[in-house]
Amino acid sequence: MPRRSLRRYLTVCLLIPLLVLLSVDAVLTYHRARQSADAAFDRSLFTSNKAMVEGISIQHGKIVVDIPYLALEMFEANASGRVYYRVVEENGAELTGYKDLPLPRHREQDYYKPLFYDADYKGETIRVAATRQRVHDVATAQARTVWVLTGETPESRRELARQILVGAIIQDLVLVALALGIVLLAVSLGLRPLRRLSAKVKEKDADDLQPLDATELPAELKPLVEAMNQYIARIERILNDRGRFFADAAHQLKTPLAVLQAKVELALREDDLPVVKKQLAETLDTVRHASRGVKQLLSLSRLAPDHFLVVTYSDVDLTSVAREVALDWAPVARRSGVDLGFEGDVAATLSGRPELLQELVGNLIDNAIRYAGPGKMVTVRCAPVDGHARLQVVDNGPGIPEEERDKVFRRFYRIAGTQVEGSGLGLGIVHEIARLHDALIALSHTPGGGLTVTVDFPVDRAAQESS
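The UniProt record's numbering puts the first residue of the sequence shown at 1, with every later residue one more than the last.
Where hints are given, some of them may not hold.
25 Å max Cα-Cα, derived DSS-like pairs, lysine-lysine [unchecked claim]:
1) Lys62 with Lys50
2) Lys277 with Lys263
3) Lys50 with Lys113
Pair ranges (Cβ atoms, derived) [unchecked claim]:
4) Val166 with Ser57: 42 to 50 Å
5) Glu270 with Ala442: 18 to 26 Å
6) Lys204 with Leu266: 52 to 60 Å
7) Arg158 with Pro104: 21 to 29 Å
8) Ser57 with Tyr117: 23 to 31 Å
9) Ser57 with Ser36: 14 to 22 Å
Note that these hints are calculated values from the structure, not bench results. In this text the structure is predicted, and so the values were computed from the model without any measurement. Cβ atoms here follow ideal geometry from the backbone N, Cα and C, with glycine treated the same way.
Could you build the full structure based on these sequences and the hints that come with them?
Printed below as a string of structure tokens:
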């Protein structure tokens with residue numbers, strides 16, 4: 001799609017309404033111009049009509065019409081149109097002018113008061129001024145009534161209205177152009193802070209993750225700068241997390257690789273086949289340990305808050321998941337001399353992701369088997385409790401001191417003096433998976449000795465989020 005210009009967009013958004021307003025104003029102006037032209041020309045018609053009235057008299061018992069020079073001059077002044085006149089007695093006797101010029105429909109008109117009306121004459125509409133006049137002859141004491149009519153075609157009126165309209169439109173167009181110029185100038189000035197902000201962002205180095213300064217920016221730009229700063233902060237956290245991941249990976253692999261190198265070198269020097277086999281078996285254990293640590297590290301990195309993992313939730317029976325995982329770990333428990341059991345007959349349904357829940361249960365069982373030690377018992381329990389799906393992994397091993405329980409969820413944290421082989425990542429993975437499921441983890445002392453890990457999952461995530 002073509003790049004959109006804010007200046008062009010604002011111009012179009014302003015120009016269209018202004019043109020609509022200009023059109024409405026043009027229509028209203030034309031109507032006002034016609035009214036003004038009608039009023040002006042009606043006064044001119046009335047003046048002509050009045051001048052003709054002054055030339056009407058009775059001489060020797062007859063009505064004589066002497067059209068004054070003023071009336072003739074007014075007729076000649078209307079060069080763009082045609083002017084008609086008529087003088088007729090009320091009884092229908094024609095005196096002068098155009099005999100077919102129509103009289104008004106209602107003839108009960110007051111004397112000396114002009115009447116204006118439109119009439120169809122010779123195929124066009126003309127404007128007529130009519131006056132009902134009493135003519136007196138003092139000598140004979142006679143009084144007779146006449147109608148004096150003057151009419152004109154509308155060309156002059158239309159021309160005057162057009163001139164007024166054109167003048168008004170030109171004036172409005174000038175005002176519209178000035179308004180657009182002022183608005184565009186204001187927009188250009190208003191966009192200066194945005195251009196300065198753009199230049200400031202362009203000048204930042206690739207490794208410069210300092211937040212942008214919004215103190216001197218307009219209030220309208222501060223939300224944008226705050227959003228950019230939040231984005232920069234997220235990028236910084238992601239980069240830090242990636243750097244920590246590489247450092248952790250190096251930490252996890254450095255020792256196993258050194259051990260592998262040493263064992264392989266020793267194996268190459270040996271000629272005794274049983275000794276070589278023993279060293280290869282130890283090497284295989286080291287490889288397994290390194291592989292497990294890397295897998296845990298990858299899982300922990302993938303579950304980190306800044307990894308933006310999109311979790312698709314579905315209804316999962318936690319009891320079934322825990323039972324299947326416990327069955328998978330049963331051979332491992334037997335090899336380690338640990339009695340692994342499962343308790344749970346009631347379905348505990350929650351909204352979650354099955355593979356992540358399997359990983360959580362597996363890490364808890366693995367941790368319990370490793371740290372409980374041979375000859376101990378590990379029990380996995382699952383049941384719905386108080387509106388939650390509760391998972392418990394209980395062992396009767398040495399347990400974890402109370403002051404250490406908040407620390408064991410950290411990466412690579414291992415309790416001092418622990419001789420069990422491990423990477424210190426298992427409970428960290430459990431903590432992140434629980435966070436993704438809005439679950440609560442609690443570590444407590446097992447009656448008789450040992451550790452109990454309790455994870456409470458909300459049964460209905462949608463209801464919890466809406467509340």
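Worksheet entry | Pairwise hint evaluation, Lys263 against Lys277, where the allowed Cα distance is 25 Å at most | Status holds; Cα separation ~11 Å.
Worksheet entry | Supplied distance hint 23 to 31 Å, evaluated on CB atoms of Ser57 and Tyr117 | Check passed, 27 Å falls within 23 to 31 Å.
Discussion item. Quick check: does the Cβ-Cβ distance between Lys204 and Leu266 fall within 52 to 60 Å?
Written reply: Taking Cβ atoms as reference, Lys204 and Leu266 lie about 53 Å apart, which means the hint holds.
Discussion item. Tell me if the beta carbons of Ser57 and Ser36 are separated by a distance inside 14 to 22 Å.
Written reply: 36 Å, violated
Practice prompt. Kindly confirm whether 21 to 29 Å is satisfied by the beta carbon distance between Arg158 and Pro104.
Written response: 23 Å, holds
Worksheet item: Would you say the C-beta atoms of Glu270 and Ala442 sit inside 18 to 26 Å of each other?
Response: 51 Å, violated
Worksheet item: Are Val166 and Ser57 spaced within 42 to 50 Å by their CB atoms?
Response: 46 Å, holds
Discussion item. Hinted pair, alpha-carbon criterion (25 Å max): Lys50, Lys113. Please report holds or violated.
Written reply: Satisfied, since the Cα-Cα distance of roughly 10 Å is no more than 25 Å.
Discussion item. So if I understand the rule, the pair passes when the alpha-carbon distance is 25 Å or less; does Lys62 with Lys50 pass?
Written reply: Given that 25 Å is the threshold and the Cα spacing comes to 20 Å, the pair holds.
Of the hints listed earlier, those the structure fails to meet are numbers 5 and 9, in rising order.
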